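Asks: Let chain L serve as the given structure and place chain Z on it in line with the hints.
The primary structure of each chain is shown beneath.
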Amino acid sequence: MLELKDICFERDNKKILDHINLVLDTSKFYVITGPNGSGKSTLAKIIMGIEKPDSGKIILNGEDITDKTIDERAKLGIGFAFQQPVQFKGITVYDLLKLATKKEISKHEACTILSKVGLCALEYVDREVNKSLSGGELKRIEIASVMARNPYIAIFDEPEAGIDLWSFQNLTEVFKEIQASSSGTTIVISHQERILNIADEIILMNSGTIQKVGEKEEIFDHIFKPKKCCKEVSAR
Amino acid sequence: MNQEDKELLSEIIEDDPTKADSYNIRKNGKGIDRKVNPNIDIVPKEENSGIDIYVKEDTLFGTVNIPVIITESGLKDVVYNDFHIGKNANIIIVAGCGITNNGHKDARHDGIHRFYLEEGARVKYIERHCGLGVGEGKKVLNPVTEIHMKKGSYMVMDTTQTKGVDDTNRITKASLDSDTTLVITEKILTSNDQVAKTEFEVELNGENASTHVTSRSVATDDSYQEFTSNIIGNTKCYAHVECDAIIKENGKVKAVPEIYAKNIDANLIHEAAIGKIAGEQLLKLMSLGLSEKEAEEVIINGFLK
Numbered sequence: 001m002l003e004l005k006d007i008c009f010e011r012d013n014k015k016i017l018d019h020i021n022l023v024l025d026t027s028k029f030y031v032i033t034g035p036n037g038s039g040k041s042t043l044a045k046i047i048m049g050i051e052k053p054d055s056g057k058i059i060l061n062g063e064d065i066t067d068k069t070i071d072e073r074a075k076l077g078i079g080f081a082f083q084q085p086v087q088f089k090g091i092t093v094y095d096l097l098k099l100a101t102k103k104e105i106s107k108h109e110a111c112t113i114l115s116k117v118g119l120c121a122l123e124y125v126d127r128e129v130n131k132s133l134s135g136g137e138l139k140r141i142e143i144a145s146v147m148a149r150n151p152y153i154a155i156f157d158e159p160e161a162g163i164d165l166w167s168f169q170n171l172t173e174v175f176k177e178i179q180a181s182s183s184g185t186t187i188v189i190s191h192q193e194r195i196l197n198i199a200d201e202i203i204l205m206n207s208g209t210i211q212k213v214g215e216k217e218e219i220f221d222h223i224f225k226p227k228k229c230c231k232e233v234s235a236r
Numbered sequence: 001m002n003q004e005d006k007e008l009l010s011e012i013i014e015d016d017p018t019k020a021d022s023y024n025i026r027k028n029g030k031g032i033d034r035k036v037n038p039n040i041d042i043v044p045k046e047e048n049s050g051i052d053i054y055v056k057e058d059t060l061f062g063t064v065n066i067p068v069i070i071t072e073s074g075l076k077d078v079v080y081n082d083f084h085i086g087k088n089a090n091i092i093i094v095a096g097c098g099i100t101n102n103g104h105k106d107a108r109h110d111g112i113h114r115f116y117l118e119e120g121a122r123v124k125y126i127e128r129h130c131g132l133g134v135g136e137g138k139k140v141l142n143p144v145t146e147i148h149m150k151k152g153s154y155m156v157m158d159t160t161q162t163k164g165v166d167d168t169n170r171i172t173k174a175s176l177d178s179d180t181t182l183v184i185t186e187k188i189l190t191s192n193d194q195v196a197k198t199e200f201e202v203e204l205n206g207e208n209a210s211t212h213v214t215s216r217s218v219a220t221d222d223s224y225q226e227f228t229s230n231i232i233g234n235t236k237c238y239a240h241v242e243c244d245a246i247i248k249e250n251g252k253v254k255a256v257p258e259i260y261a262k263n264i265d266a267n268l269i270h271e272a273a274i275g276k277i278a279g280e281q282l283l284k285l286m287s288l289g290l291s292e293k294e295a296e297e298v299i300i301n302g303f304l305k
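Those protein sequences? They're chains L and Z, same order as listed. Just so it is clear: in the first sequence, position 41 is 41 by the numbering used here, and no numbers are missing. Just so it is clear: in the second sequence, position 293 is 293 by the numbering used here, and no numbers are missing.
If we strip away everything but chain L, and leave its shape as in the complex, we get (with noise of 0.2 Å):
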């Protein structure tokens, strides 16, 4: 179970985070969404340790992990798929997904792993994780380091960015599939239906704070009920 507890994050005087608590389960898979600016990218990196709060508390199975960094909490076992996948020079996908498992997996073990991204596997293992890659194919690579290592809390920021619907309809079966098997919590970024479709819970965020945590019909509901419009709001 992950708890963040009255987490706030500043920049350049504008408060990017407003004390934000939010107590995920373990094996649910939670999908955060909310307009541009709104904090989600923001929530997804302080969990990781990229960035930190400048005040609250992150609590993973009851130990306090806020002063932890990237690597103590990678292996205290969360992982994070950049929302634009990072590239390397001389270091192939194989290199990437030894690293990411820890092990010396072979060739076939690698290609496993690619498969379950929709990648046709031995044209990509001895590929560079570089730009002669589309941007589809960096996205699932970069799925594929996190789910390689199996992380008990997967975080995914915005899988959807930077990659044509084409490719992106194809990641949704990836998304299904982990939300079918994952016994970890998932915590995917999303602005789009399909993904929040498969939501056990979303999490609505909008100014830096957290809107509403709900089922899909519940938050749907709240995203897409009618607006008052001006001239109702004029009239009064």
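Hints are computed from structural coordinates only; laboratory data are not their basis. Every value quoted in this text rests on a predicted model; they were computed, and no experiment measured them. It cannot be assumed that every hint is accurate.
Distance condition first, Cα-Cα at most 30 Å in a straight line; then the derived DSSO-like pairs of lysine-lysine [as the list claims (entries may be wrong)]: (1) Z/LYS197 <-> L/LYS131; (2) Z/LYS305 <-> L/LYS98; (3) Z/LYS293 <-> L/LYS103; (4) Z/LYS163 <-> L/LYS98; (5) Z/LYS248 <-> L/LYS52; (6) Z/LYS276 <-> L/LYS45; (7) Z/LYS236 <-> L/LYS131; (8) Z/LYS163 <-> L/LYS102; (9) Z/LYS187 <-> Z/LYS248; (10) L/LYS52 <-> Z/LYS293; (11) Z/LYS248 <-> L/LYS45; (12) L/LYS98 <-> L/LYS176; (13) L/LYS103 <-> Z/LYS124; (14) L/LYS45 <-> Z/LYS293; (15) L/LYS98 <-> Z/LYS35; (16) Z/LYS197 <-> L/LYS102; (17) Z/LYS151 <-> Z/LYS105; (18) Z/LYS248 <-> L/LYS68; (19) L/LYS131 <-> Z/LYS27; (20) L/LYS131 <-> Z/LYS138; (21) L/LYS131 <-> Z/LYS30; (22) L/LYS103 <-> Z/LYS248; (23) L/LYS98 <-> Z/LYS236; (24) L/LYS102 <-> Z/LYS248; (25) L/LYS75 <-> Z/LYS305; (26) L/LYS28 <-> L/LYS5; (27) L/LYS68 <-> Z/LYS293; (28) L/LYS131 <-> Z/LYS248.
Replies: Only chain Z this time, still in chain L's reference frame:
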């Protein structure tokens, strides 16, 4: 060769060099062991000034190892090695120099390698340089490579200098006839107050000649590296030059690219990027459980792989 020599040799050639089809081992300015075969002949020049390597035309596949080791402090060794690669021959050449300098005088090796590729010849040339030893004397290596490529020939040149060389001044010059391809990859790591300068001059003279020059360098501590390239396109041709450098601590890298198109159909590209290790690369590897130091090592080793 004693055990120390063998260890030094293994720094530049992984496998036992005497297992190759043909080889010439040079130690402290003299040839000490040589093997030839019906397709590959090695002929010493006068007064130990180098060797001529002749590869017969249509040689289907062959390997030549010509390592040089220097263990004498104060020695200055200049060697001229000429490679005559026959028509349609296909060969791998492994060269390089290792210096162990435990004395206070400088030890220096200037290797001048000239390649003459006949029509359709294919060469893979691998060159490794390194310096060992704890003496105050510098380890200096100044390789010069001249490449002359006739119609339809192909050459890959893969050079690496990973440690211990205090001073290096590398010059690579090539002239390419029509339908030729030259692929050069150079990797240099400098540390302490080492200096490495490298200069490429490639003239694309024949139609459809192409070259790819990639330089990857890492400059750490107070070291300095300089990369100069001058690519001249005289006809319909293609060139891509890429200089990538990582700097750490007070390391300094200067890239001086020059591309000169003298024909409307010459297509020449140069890319240069110098900077510290990208923060997001460290973050990504740390998110896989590596410490910052481990992540840095993985990034640099990959970069220079």
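Asks: If a hint holds in the structure, say so; if it doesn't, say that too.
Replies: Comparing the hints with the structure gives:
no., hint, result
1, Z/LYS197 <-> L/LYS131, "holds, 28 Å"
2, Z/LYS305 <-> L/LYS98, "holds, 16 Å"
3, Z/LYS293 <-> L/LYS103, "holds, 19 Å"
4, Z/LYS163 <-> L/LYS98, "holds, 27 Å"
5, Z/LYS248 <-> L/LYS52, "holds, 25 Å"
6, Z/LYS276 <-> L/LYS45, "holds, 23 Å"
7, Z/LYS236 <-> L/LYS131, "holds, 27 Å"
8, Z/LYS163 <-> L/LYS102, "holds, 28 Å"
9, Z/LYS187 <-> Z/LYS248, "holds, 16 Å"
10, L/LYS52 <-> Z/LYS293, "holds, 20 Å"
11, Z/LYS248 <-> L/LYS45, "holds, 26 Å"
12, L/LYS98 <-> L/LYS176, "holds, 25 Å"
13, L/LYS103 <-> Z/LYS124, "violated, 33 Å"
14, L/LYS45 <-> Z/LYS293, "holds, 21 Å"
15, L/LYS98 <-> Z/LYS35, "violated, 41 Å"
16, Z/LYS197 <-> L/LYS102, "violated, 38 Å"
17, Z/LYS151 <-> Z/LYS105, "violated, 46 Å"
18, Z/LYS248 <-> L/LYS68, "holds, 26 Å"
19, L/LYS131 <-> Z/LYS27, "violated, 44 Å"
20, L/LYS131 <-> Z/LYS138, "violated, 40 Å"
21, L/LYS131 <-> Z/LYS30, "violated, 47 Å"
22, L/LYS103 <-> Z/LYS248, "holds, 29 Å"
23, L/LYS98 <-> Z/LYS236, "violated, 44 Å"
24, L/LYS102 <-> Z/LYS248, "holds, 27 Å"
25, L/LYS75 <-> Z/LYS305, "holds, 27 Å"
26, L/LYS28 <-> L/LYS5, "holds, 19 Å"
27, L/LYS68 <-> Z/LYS293, "holds, 16 Å"
28, L/LYS131 <-> Z/LYS248, "holds, 24 Å"
This entry does not satisfy hints 13, 15, 16, 17, 19, 20, 21, 23, going by the numbered hints stated previously.
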